[in-house]
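Reconstruct the complex from the two isolated chains, following the hints.
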Amino acid sequence: MQDATRIVATDCGSTTTKAILIERRDGEYRLSGRGEAPTTVEAPFDDVTVGVLNAVGELEELTGERFIERHPESRTPPPSPSPYTERGDLSKEARPGPRVSDVDLYLSTSSAGGGLQMLVTGVVKTMTAESAQRAALGAGAIVIDVIAVDDGRADYERIARIRSIRPDMILMSGGTEGGTVQHLLDTAELLVAADPRPRLGEAFRLPVIYAGNSAATDGVRQVLGDRVDLIVEENLRPQLEAENLGPARDAIHRLFLEHVMAQAPGYDKLLTWTSAPVMSTPRAVGEMVQLAAREEGVDVLAVDIGGATTDVFSVFGGQFNRTVSANLGLSYSVGNVLVEATTANIRRWVAAPVDEAALRNRLRNKMIRPTTIPQTVEDLLIEQAVAREAMRLALLHHGALASGLKGVQQARTMADLFTQASAGGTLVDMMSLGLIIGSGGVLSHAPRRQQAALMLIDAFEPQGVTRLAVDSIFMMPQLGVLSSVLPEVAMEVFQRDCLVPLGTVIAPVGRAREGEVILDWRIGGESGQLRAGELKRLPLMMGKGDSASRPYVEAELAPVRGLDVGAGKGRRWTGTVQGGAAGVILDGRGRPLTLPADEQERLRKLDEWMRTVGAMPGGPG
Amino acid sequence: MAVAYTPGLRVTSDTLIRRLRRLPIKGQVLVGAGQTVTADQVVARAEMPGILHTVRATQMLHIEPQELAPALLKQPGEAVQAGEVIAETKGLLGLFRSQLRSPVSGTIEEGSAVSGHVRIRERPRAVDLPAYIAGTVAEVIEGEGAEIEARGALVQGIFGVGGERWGVLRVVADKPDQALRAEALGKCEGCVIVGGAGADGRAIRAAAEAGAAGLVVGAVTDEALREYLGYEIGVAITGQEQVPMTLILTEGFGELAMAGRTWELLTSLNGRLASINGTTQIRAGVIRPEIVVTRQGASGDEAAAEPEQVLAVGSRVRVIREPNFGALGRVTALPVELMEIETESKVRVAMVELDGGSEVRVPRANVEVIQE
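Protein sequence lines, in the order shown, are assigned to chains E and C. Mapping to my numbering: the first sequence position 604 is 604, numbers consecutive. Mapping to my numbering: the second sequence position 41 is 1041, numbers consecutive.
The reader is advised that the hints may include incorrect statements.
As the list claims (entries may be wrong) - Short, incomplete list of chain E residues facing chain C, as computed with Cβ under 10 Å: (1) Ala154; (2) Ala160; (3) Tyr332; (4) Asn336; (5) Ile373; (6) Val377.
None of these hints come from the bench; they were simulated from the model. Model, not experiment: these values are computed from the prediction. Even for Gly, the Cβ is constructed at its ideal location relative to N, Cα and C.
In isolation and in its complexed conformation, chain C is listed as follows (with noise of 0.2 Å):
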């Protein structure tokens, strides 16, 4: 028995999912432990520090800076206009007086008799934290957020862009392997968009511009992407991506149709809504992008522990790099010792029968467990 290298994605109906919900900097909790929640609903709130803008006070008003302090009009916490006086020197008798301006309306924040600088702090922004998937509140962090608690559907996917969001799932492809068409969304705003196989360019574009909340297909090719992002993703790291719809992948990159178990599960909630978020980091403390959909009033038990992805002989497998990129199989045998591939590298396989018949070597690096 061997662990399995590449852990599999969670595909599941059934699950206990708990969300943190956390602000940013302190501010207020408005729900208590108990309560239901929507997705929308605003649990916590803060307001985020202005931007802070430094005014090179003594420079300007040509004095030292230990001079600044009596030639302040306005003190730190004082609210300023932008174009306001704050501070003037005396002049001679009383003439040729210097006048320093605000450059933005906000609070005096301070004002340095050691670098002889004035900062002004811009008026702070209020930050709402919504539940994002609707449940209850299992437990509140005083001041800092709450943790949203809900029995439901889980469906990780492999990569995403684009953050939180929800909306209905509307399954608009009629098979797994069936590419999206622009011309097959229909009305579609607001919603969560589930195609087949992939989406192109168009199809992309013509989803957002229609004001879906969400699309998941199984792969798009990387030229897709780009055109959707206007740039190139360098580093996997995403979910801050200022798009208008988030856009989650459950295979990869190319041309590859959605798991059949992934397809069968997003079918049968066709219509209920889903809370998704793309937001991928694939390095230490992997996060996937995901599609929740919970279920109303149903929460509490504990989940089963999920089983270990192990790697047995009689495991369901997918293939997840060339050949057979996608293809699916089942585990005939885990040699122990280290067999050459093609590459003429040594390494661990898996004996892998694919669906069609044939039987193929493939690194046990280069397969990932489905579960079943």
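Here chain E stands alone, though its shape is the one from the complex (with noise of 0.2 Å):
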């Protein structure tokens, strides 16, 4: 694998399956090709290989090779119930031959047929169950219900939920080790009472694995009897003090091999295809993100804002977290934001005078038109406007969820008293942020880079000194899946041809008066002051045409008393700062960012930002 020329990798999205080629030229790993065609995971096709056949076969057409056996062969079924060894390695008896030819490597992600969706149990809500619900979303689940002795809900409640979703596979979790044996055989009678059904394969046995107490493992056994697939793992929260998420997070990938892929249309095929396993498209980007936080050596949050939910991965401190917010998204979930953010909230990023009905009326025309696309100025800024809010949205999702232990009783130092530190505080922290990641069409495709920039700033808020990109065709599930059998060449196509570098943004803290000096600064050549309020560009662009070219220049930042800007309140910071399509943007807005109560002045003001930064459409670049 290592001598590989010729990579091949695919993501089978729930739309759309894409393909890329990556090729070695003249030593360096580089792009060289994508293709994409509608997924046939569903009927008429029920069939996932024909989307497959089709995106690689637009490789095909690109680079005038072929690169698939499209013999009879091909479609026979391959060994049940998984080709692949304990290790994850295709068996050899499973190896059918090249169907993929022409190719050292061919890779594949997976989100079709809605993905991996999960249930998860616990005892108590904040503790063992949200470290389950960790675990799953770590491996790339959709956690659809989080069951728990204080979720609130009565045993009916709990049985009739259970009943009416139908997840790929349970996660129980609970207990630490000698801690409650009983709640764990109360949720497996549960379990028994509710009799829950595989979404896919109605004659498989329901995967369920248990990773809580392992005194209540017999107990459990004898429950649950034959009626599930009861897969046994360590503890994942043996202590309140430790998790244990790993081999609970390896059993739902090896799970979601054996039985959710293999149920899927197609995927049988596909298995044998691959020359590593297939894996879930959230669980490959994961991957991405932290083989870049540690390449990098920064802490990087991610994003990927879609039509239907928003996914959101960080590694702060070297802690990798995922979350994904189900209903926050720029088409189908649309009206969900809508009701989670308030129209006000979504109104004041409009820059432009919009009727609040109005507004609420376009939403809900996307929301049942999702695959339209706006056209006017102002229906850009809208949509524009909902993925902020969105984005924004998911960021305190994550910020919940992406915490320290919670229940962990800790020596607390009379500096804790005036701190208010407590055990379970988020781990978010954007002052320390290095990188942040924006993929997803509103980012990715915003007509205008700037855009995305702004949108990334005004969402996120990032404290100091922060680097900001977006992925330029989504393929960092591919990669993330090529970042498991060949790490260097994921990480050399990463920085070349998969990152668009936006630039960086500075954004001093404190309080500090509107018009106030609060940054003297020196950036290259240039120097300057930025006052509180103001929002100041400097164009320090790429290599032109040139991903590869990416300007570092020098920079002494010189904060007034009172705030930060990452080396400390009123400390001097001196690194370098990356260039790209939005340039370096100095940020005096504050923090939180709070805009104008008045309409006008508002408007004014986000108007005056979108042009200086070079967001607003007809205003210059």
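Structure below.
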């Protein structure tokens, strides 16, 4: 695999299957083609490989070469139940000879058919159930419900709920080692009473991963009997002070391949084509985000905003977290953004006078005709306003789950009495954050890159010095699965072809009066002052047409007393900052970012900010 | 030639309609293949299991789980009444006995020696599944339901709330761009009312209070919908709302006239029995709300295959986003190259001559083909 010169990778999404071709030329790995086709997991095709063949076919048209042998043998079903060994390698017997020929590696990710849908259970909602949720989300699942002893529902309500959802698998947790047994038995009995059915494959027993108190294992086994396919793993929360999510996550991934994927139409074939196990799309993105954080040595926040959901991935202090805001999106779920964010919060970002009732009707029309695109500037401003709010809310959800362990007793010092520091606080630290990566159509395909930069800044309110980038064609899934085989190659392509650097935002934090000087800056050969309430942009572009050329320039930032730009209050920050399509943005608007209450002043400010950054359609770039 | 991104909604006066009627759980099918059924006729019946209640017996009796079995006075499968003693401890020399009473009427399902809980299930609830459309039973699925088939008219809306209902279709507007007024309703109990352009909150409420089974209009405002439901819809998956009347929109939100073809078909069906369903799902496996009017005794022939909705020069289209939202026109050109629009995005466009005579450039994603 180390000598691979040609790699084809596909991502089978809910609606589109995307293929990329990576080739080694002159010692460098570069993206050399991409193709896409509708996903064919549903009727009338009922075979995911049709879409894969079509997407790869586009690559073939592009390069004039053939990568796939379309001979009848490729229709042969593979050995069941899984063509993989316990280690996750493709077993020799299962290797059917090259289906995808003339490439050294063929890899795939998948979220087709709604992805991996899981139900998790725990004892205490904010402790073991939250750990189980983190394990499932980290493994790339969508958590459709969390059952816990203190979830406020009666047993019959829980049973009705378990019945109504049809999860792909269940993760059962609860009880630290030496802790409760009774509650685990209660949960097992609930499952028996509900008799949940798997979403795919009626004839299969539902996989249940038990990763709770080991003392309850026998009792749980006795209660569940052979009604489900029980897999026992190490306790994912053996002590209140420690999580052990790895074994449960690995089990989820293994079962995803053996049960879920094997039941989905056409995946039996796909699993025999790939050179490494198929990965769920979110897990693959998570792998790539973690690799980027390790390689670059920074805290990373990545967001993928889609039509139905918004995924947030983060690595803070080396700890990885992922959340899915299942009902925050720009088309199918736009109505829910309206409900959760409120019209006023969406409207505040629109740099045009728009009536509240008209705004609501427009968003409802987008909800019922989700594939339409903004044609007028006003419509574009509304869509980007919704994106800001969806991302802001998704980060709030993320911050609540990406936290330290709750329920842990801490030795408190006198200082804690003043800082109110508590166990279970969020890990999300916008000041330590070094890189924000945005993906999803509204960011990756914004008419101007500056608009993507401003959306990310407004939604996340980064503090100090933070680089901004967008995933050019959403190829992080394919690179994530590639990183499981060739991490260096994945990183090389990630930096050269995947990430489009937008630039860097510099945001001093602290109290200041509007118009006061808050920062003396020197960036590259230029220098100046930033005032409170002001937004400035230094166009520091990349080399033309070459994303590999990424100018870094020296910067010296001296905040006034009481303000912090990353080195501490009033302390000088020196380092390098990166340019990009939006350049360096000096953001003196303060944190938290508040918009003027006066309608005219708000519109004037928004217009000024957009024009300063070069984000206003029709305005200077 | 290009396939339209946004599929047009079906508006047809004659098509073969098949509706699968399936019980939520196994039950009994009450009709046979070939049998003629009415919309309100029950075709299958099932008994939904009652609510399961957990009684933490051993905790309440202060005994160990393994001591539960001898304490139980009622065994699994036996019926119990609310308040009836279901378990009792022996006590000390027959004294100080602890008793456990059933909190509900139902059947003992289990007394667990592992957890020490007793589970009591309330009595089952009968679920009747109506035919929904008048027609013929095309197929029976043993223990699960039946497929009903009929020929007739089918109008798909764009969005709806409320589930399956049926009633006589009553057109109360004079033209498709006329908004429905509460005063124009008249007697409409059990009817499916067809308005024109839209209805405000007052008209919707008046129709529901008058006992209408359904209301079909071009559009309503988001505010009127919120007022009718009493809450805001988040995700566009509907059909389960507890509303007294099913509401179907044929065009969208705001103030939009009902499309001419939809209006003409619905007015031609005035006075006929219509089956309607507001269920909408706008994600994978799209479900749109519908109005079905079947013809008696007409079934059997296979429907002609639906023509693919191809966007071509000459296609009749409707613009489905601002500007010109709702305007009708005809495609005059489909440029191959990407073209810049007002937002500065470069997209595939269609050149459309609107009915007023002006020619506009519209992203292809923002038009829907109208069947002619």
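Right, here's what the structure says about each hint:
1. Ala154: holds, 8 Å
2. Ala160: At about 8 Å, which falls below the 10 Å cut-off, the nearest Cβ of chain C leaves the hint on Ala160 of chain E intact, so it holds.
3. Tyr332: holds, 5 Å
4. Asn336: Hint on Asn336 of chain E: holds, closest Cβ of chain C at ~4 Å, below 10 Å.
5. Ile373: The hint holds - Ile373 of chain E has a Cβ within 10 Å of chain C, the shortest such distance being about 5 Å.
6. Val377: With Cβ-Cβ at 6 Å, under 10 Å, it holds.
Every hint from the earlier list agrees with this structure, and none is contradicted.
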